[in-house]
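The listed protein sequences correspond, in order, to chains A and B.
Residue numbers for the first sequence follow this note's numbering, beginning at 1155 and rising by one.
Residue numbers for the second sequence follow this note's numbering, beginning at 3 and rising by one.
No false leads were slipped in.
Listed next, with one range per pair, are the computed distances between beta-carbon atoms:
1) Pro1266(A) with Asn81(B): 44 to 54 Å
2) Gln19(B) with Ser1157(A): 32 to 42 Å
3) Glu56(B) with Pro1266(A): 46 to 56 Å
4) Gln20(B) with Glu1230(A): 39 to 49 Å
5) Val1236(A) with Gly42(B): 17 to 27 Å
Just a few of them, taken from the derived set where beta-carbon distance is under 8 Å, the chain A residues facing chain B:
6) Glu1196
7) Gly1197
8) Phe1243
Partner residues aside, some chain B positions facing chain A, computed with beta carbon under 8 Å:
9) Ser35
10) Gly58
11) Gly60
12) Leu92
13) Thr106
14) Ile107
15) Phe109
16) Gly110
17) Glu111
18) Gly112
It is worth saying that the hints were derived from the structure and are not from the lab.
These numbers were taken from a predicted model, which means no experiment stands behind them.
For each residue, glycine too, the CB sits at the ideal point set by N, CA and C.
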Amino acid sequence: GNSVTQMEGPVTLSEEAFLTINCTYTATGYPSLFWYVQYPGEGLQLLLKATKADDKGSNKGFEATYRKETTSFHLEKGSVQVSDSAVYFCALLIQGAQKLVFGQGTRLTINP
Amino acid sequence: ETGVTQSPTHLIKTRGQQVTLRCSSQSGHNTVSWYQQALGQGPQFIFQYYREEENGRGNFPPRFSGLQFPNYSSELNVNALELDDSALYLCASSDERVGSSGNTIYFGEGSWLTVV
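From just these sequences and the hints, can you work out the full model?
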């Protein structure tokens, strides 16, 4: 089946630290991969996406590269800010399917 | 701003009651999906509607049902509420059938349902 496994949280970092949140997937087809972010009390916002192997998605200083050989889509940011505190979800979408499959989420807290 | 609005934002219901949650999608978005997000979990797919017909369903019982209307609005109905139905319910829309390469799925801010 199709599934997404994320690095367990919570993750706590100091401002300006380097961030990595690991995400690996299992898919029966050729997925598109996504990172969504959920700020406290809000819905999901698309952070970035990649639709084929070796694509790099980027937005707001965050990056993730679609690695087919390791079935991974790790999220990185070089220097985090307090405003990056949120829950981050990795997700996949199989072409021709009807649903996003989400990981369990990783709560990130950035301290000043 | 995703252009997807949901109502109500919060509600409390009693076990056994029925609830209707509403969603308004962006104009032109003919695909709408509903997800359930339990506390501390990732969203789980409930079902999807495409041009007013159900077009896929997750592992949810028939007491979860939906409607999609021509004006890009939709509803999620849950009958015979159970305590475990307490969750954030998210509506998502896109401008073509989900699964096409590269299309973007937009989420609303969700409706928090508490069943007591």
